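The task is simple: from the sequences and hints, build the whole structure.
Just remember that our numbering sits 8 ahead of the position in the sequence shown, which is counted from 1.
If you're looking for bench data, these hints aren't it; they were derived computationally from the structure.
It is possible that part of the hints are untrue.
[Claimed, not checked] Derived PhoX-like pairs (lysine-lysine); straight-line CA-CA distance at most 25 Å:
| no. | residue 1 | residue 2 |
| --- | --- | --- |
| 1 | K99 | K165 |
| 2 | K188 | K165 |
| 3 | K70 | K108 |
| 4 | K99 | K188 |
| 5 | K108 | K165 |
| 6 | K70 | K99 |
Keep in mind that this is a model prediction, so the values were computed, not measured.
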Amino acid sequence: MTTIAIIDDDQGLRRALVALLEGSNRELVSYESGEAFLDEVADRTIDLAVLDLRLPGLSGIKVLERLRPLSFPVVMMSANGDIRTAVDAIKLGATDFIEKPFTPEDLESLIDRVLGDEELRDGTDLAPMPEDWPQLDALTPREREVALALNEGLTNKEVARRLGCSPRTIEVHRARVFHKLGVSNIAGLVRTVSGFDLPP
Numbered sequence: 009m010t011t012i013a014i015i016d017d018d019q020g021l022r023r024a025l026v027a028l029l030e031g032s033n034r035e036l037v038s039y040e041s042g043e044a045f046l047d048e049v050a051d052r053t054i055d056l057a058v059l060d061l062r063l064p065g066l067s068g069i070k071v072l073e074r075l076r077p078l079s080f081p082v083v084m085m086s087a088n089g090d091i092r093t094a095v096d097a098i099k100l101g102a103t104d105f106i107e108k109p110f111t112p113e114d115l116e117s118l119i120d121r122v123l124g125d126e127e128l129r130d131g132t133d134l135a136p137m138p139e140d141w142p143q144l145d146a147l148t149p150r151e152r153e154v155a156l157a158l159n160e161g162l163t164n165k166e167v168a169r170r171l172g173c174s175p176r177t178i179e180v181h182r183a184r185v186f187h188k189l190g191v192s193n194i195a196g197l198v199r200t201v202s203g204f205d206l207p208p
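Now the structure itself:
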C-alpha cells in the first residue's frame, strides 16, 4: 500500500486531489496545514507528499526545512509567479514541483514517475557527481549563463533582460540546456546544476 499525503489549506483542492489520486493500492491522507502534517509524519509511513508552497502558519519551505533529511519524495505545488520559491524548494530536497493550475493528468503522471523512481522513493541524494555528468562540459558559455540564471529561479523574460537578448532566444538556449543535461524540467535542472559552480 502506497501512502500519499496531501498538504494544502484549500479544502476543496484537498478533496479533489484525494478523489483523483485514490486507487486500489493507495492510501491518501490530507492535512490543512504544515503543522498538522509535521505532528503526524513521525508516526506514519509516507511514500510521497504533495505539499503546497503557500500555507498559513508554516510555509511549504519551512515544512521542507523541518523534514530534512527527507526520507520520502516531496512534490511541491506552486501558484504562478512562485518559480523562485519552487527552485528554493528543489534545493532543499523537494523532488519536483507542479504549477497551479495543473491538469489531473499532469499530476497523476508526475506522481507515477516519482513513485516509479527507486532513487526518489528512497530519498537518496539526487545531486549527481561531476564525473558522472560529462554533459556539463558540453554547455556553451551562453548555455551555462542560462543554466545558472534558471537555477536562481529567474523566468525566461528575466534571463533575457539580464543577458540582453530576447525571451525566444532564452527558450532556445533553455531547450538545449535541458537536452544536453538530460533533464525535462526546471526541477531536474536545479538538481543537476545546484551541486556545481559552473564557470560562465
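A quick look at each hint next to the structure:
no.: 1; hint: K99 to K165; in the structure: 22 Å, holds
no.: 2; hint: K188 to K165; in the structure: 22 Å, holds
no.: 3; hint: K70 to K108; in the structure: 20 Å, holds
no.: 4; hint: K99 to K188; in the structure: 21 Å, holds
no.: 5; hint: K108 to K165; in the structure: 20 Å, holds
no.: 6; hint: K70 to K99; in the structure: 13 Å, holds
Checked against the numbered hints above, the structure violates none of them.
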